[in-house]
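> Listed below are the residues making up each chain.
4 protein chains.
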Amino acid sequence: MEDFKNYFKKDMFIVNVGIELLEISPGYAKAKLEVEEKHLNALKTVQGGVLFTLADIAFAAAINAHGNSAVLINANMSFVKAATKGTLIAEAKETSINPKIATYNVNITDDEGDIVAIFQGMGYRKKTPNDFS
Amino acid sequence: MEDFKNYFKKDMFIVNVGIELLEISPGYAKAKLEVEEKHLNALKTVQGGVLFTLADIAFAAAINAHGNSAVLINANMSFVKAATKGTLIAEAKETSINPKIATYNVNITDDEGDIVAIFQGMGYRKKTPNDFS
Amino acid sequence: MEDFKNYFKKDMFIVNVGIELLEISPGYAKAKLEVEEKHLNALKTVQGGVLFTLADIAFAAAINAHGNSAVLINANMSFVKAATKGTLIAEAKETSINPKIATYNVNITDDEGDIVAIFQGMGYRKKTPNDFS
Amino acid sequence: MEDFKNYFKKDMFIVNVGIELLEISPGYAKAKLEVEEKHLNALKTVQGGVLFTLADIAFAAAINAHGNSAVLINANMSFVKAATKGTLIAEAKETSINPKIATYNVNITDDEGDIVAIFQGMGYRKKTPNDFS
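Residue numbers (our numbering), protein chains in the order written: chain A, 7 to 139; chain B, 7 to 139; chain C, 7 to 139; chain D, 7 to 139.
Pulled out of the complex, with its shape left as it was, chain A reads as follows (with noise of 0.2 Å):
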């Protein structure tokens, strides 16, 4: 899936924001982020929208590997436990799928093997296959 790797370096905001895609397949994925400084809110414990950012682009990679363009229409995010530092991965499985509509769970988890924030998305599928140019 060098492909999609490539695909998702042309994403302005994850890139700046630091996350790297371990894992891409149908209906599946991974991503990474190493906490840094610039994460964090003023309570010294990573934005929420890090948070969110880093769930997305699981779920998004996950959706658009069918092969079809998807767009993110709703997504509800729990969170559970406040990050602080090290790394937390994002994993992207997808509950359901049918042409128009598939949804996915996403988890994140710290070093310790906790879940920091949980993250259940819908995304809209287009007909048109995405296009890696």
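Hints were generated in silico from the structure; no laboratory data involved.
There may be inaccurate statements among the hints.
When the alpha-carbon atoms are kept at most 27 Å apart in a straight line, the in silico DSS-like pairs for lysine-lysine are as follows [as the list claims (entries may be wrong)]:
no.	chain 1	residue 1	chain 2	residue 2
1	C	Lys91	D	Lys132
2	B	Lys50	A	Lys106
3	C	Lys132	C	Lys50
4	B	Lys11	B	Lys36
5	A	Lys87	A	Lys16
6	D	Lys50	C	Lys38
7	D	Lys16	C	Lys50
8	C	Lys87	D	Lys99
9	D	Lys44	A	Lys50
10	A	Lys132	C	Lys106
11	C	Lys36	D	Lys106
12	D	Lys133	B	Lys106
13	A	Lys87	B	Lys133
14	B	Lys133	D	Lys106
15	D	Lys38	B	Lys106
16	D	Lys87	C	Lys99
17	D	Lys99	C	Lys91
18	C	Lys87	B	Lys99
19	A	Lys91	B	Lys87
20	D	Lys99	A	Lys87
21	D	Lys44	C	Lys91
22	A	Lys87	B	Lys132
23	C	Lys91	D	Lys16
24	D	Lys91	C	Lys87
25	D	Lys11	C	Lys15
26	C	Lys132	A	Lys106
27	B	Lys50	A	Lys87
28	A	Lys16	B	Lys99
29	B	Lys133	D	Lys132
30	A	Lys106	D	Lys91
31	A	Lys99	D	Lys38
32	C	Lys50	D	Lys38
Computed footprint of chain C on chain B; a stretch qualifies when at least three of its residues, placed anywhere within it, have a C-beta under 8 Å from a C-beta of chain C [said to hold, decoys possible]:
no.	region
33	78 to 88
34	91 to 104
35	107 to 113
36	123 to 137
Because the structure is a prediction, the values reported are computed rather than measured.
No residue lacks a Cβ here, since even glycine has one placed at the ideal position from N, Cα and C.
Assemble chains B, C and D onto chain A, guided by the hints.
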């Protein structure tokens, strides 16, 4: 609410993304983002994580302005129009509050006044006051 | 909108729960429930599923009133005050609409005017019109 | 866990809808519904509120089985396949727990093993134990 605006300047991620808080009062806040290249994904639309971060900071300002330190525990976000340029405004309005839990609706609108995304956030209010030192 | 009110009388579950539609127009609806013993859980408060059903029918009326047949694909609901008696009112307001997807906020309030629950619903609009026959 | 099964028999709404609890242990529960005419909407598919109620009771059993009295504060639900008949099973699995907040994923499946709906619930845990008297 200069204390608050200064407080959020310690939020490294918000500063890096380029979000500015325009108004803050207990239960209400407004934040602004000028879309730049760095906010775009591979499809050249504003990355979902950028929109989430913008809504989250409006939520955080509105709930923390009551005095107690508060954290986001759940958020739901619907993405209804792709944003590509111009100024995005997030406006947070309180829908309920009790000593422990408060909820907010945050709408993000674009230059044409269209809604880009809708965020429903639930925060947990600690007993400790905010520390602006 | 008598057609609509009659249409929802074919919804066996809504009829059994005892929900009444008060107002319906494209993008807007209001529904009512008089709390009875049968709606309560073991804690003697209105069961969450009753509140969801009340919000859902207001959502369904508002989105279907545009003419196209539409179905709920995602809903988020925050429960902020326990309801135990009296009249509950659900009011659905449209937040966005395009040919395929529309979103609604539904607030449920009690006799004291307090918000009991907040529902954010996303519907998928089919190309086929509603069939009232 | 006979205490629990008896406790939920005091939930008038659950009894009226016809939901049966099959298994309960701390952090886990399974509930069942045999689809009947009374559960259908005007489109002859199972009403969304029925599915929500089924997921909610599995959630409630799983979180309350830890001993503390707990209430649902937020739920997100994706509806991915219309159900029309047969037996629906809801299975609740814990995704996180701390002294105040716990989260659960609940999947509802039909006779063909397909996922009908996905529920992500967050509960607030009180300090008081459950009262089965």
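> Take the hints in turn and mark each one as holding or not.
Hint by hint, here is what the structure shows:
| no. | hint | verdict |
| --- | --- | --- |
| 1 | Lys91/C - Lys132/D | holds, 23 Å |
| 2 | Lys50/B - Lys106/A | holds, 22 Å |
| 3 | Lys132/C - Lys50/C | violated, 40 Å |
| 4 | Lys11/B - Lys36/B | holds, 12 Å |
| 5 | Lys87/A - Lys16/A | violated, 31 Å |
| 6 | Lys50/D - Lys38/C | holds, 23 Å |
| 7 | Lys16/D - Lys50/C | holds, 9 Å |
| 8 | Lys87/C - Lys99/D | holds, 26 Å |
| 9 | Lys44/D - Lys50/A | violated, 53 Å |
| 10 | Lys132/A - Lys106/C | holds, 12 Å |
| 11 | Lys36/C - Lys106/D | violated, 35 Å |
| 12 | Lys133/D - Lys106/B | holds, 14 Å |
| 13 | Lys87/A - Lys133/B | holds, 18 Å |
| 14 | Lys133/B - Lys106/D | holds, 14 Å |
| 15 | Lys38/D - Lys106/B | violated, 34 Å |
| 16 | Lys87/D - Lys99/C | holds, 26 Å |
| 17 | Lys99/D - Lys91/C | violated, 32 Å |
| 18 | Lys87/C - Lys99/B | holds, 18 Å |
| 19 | Lys91/A - Lys87/B | violated, 34 Å |
| 20 | Lys99/D - Lys87/A | holds, 18 Å |
| 21 | Lys44/D - Lys91/C | holds, 24 Å |
| 22 | Lys87/A - Lys132/B | holds, 15 Å |
| 23 | Lys91/C - Lys16/D | holds, 17 Å |
| 24 | Lys91/D - Lys87/C | violated, 34 Å |
| 25 | Lys11/D - Lys15/C | violated, 34 Å |
| 26 | Lys132/C - Lys106/A | holds, 12 Å |
| 27 | Lys50/B - Lys87/A | violated, 33 Å |
| 28 | Lys16/A - Lys99/B | violated, 35 Å |
| 29 | Lys133/B - Lys132/D | holds, 16 Å |
| 30 | Lys106/A - Lys91/D | holds, 24 Å |
| 31 | Lys99/A - Lys38/D | holds, 25 Å |
| 32 | Lys50/C - Lys38/D | holds, 23 Å |
| 33 | 78 to 88 | holds (count 5) |
| 34 | 91 to 104 | holds (count 3) |
| 35 | 107 to 113 | holds (count 4) |
| 36 | 123 to 137 | holds (count 3) |
Checked against the numbered hints above, the structure violates hints 3, 5, 9, 11, 15, 17, 19, 24, 25, 27, 28; every other hint is satisfied.
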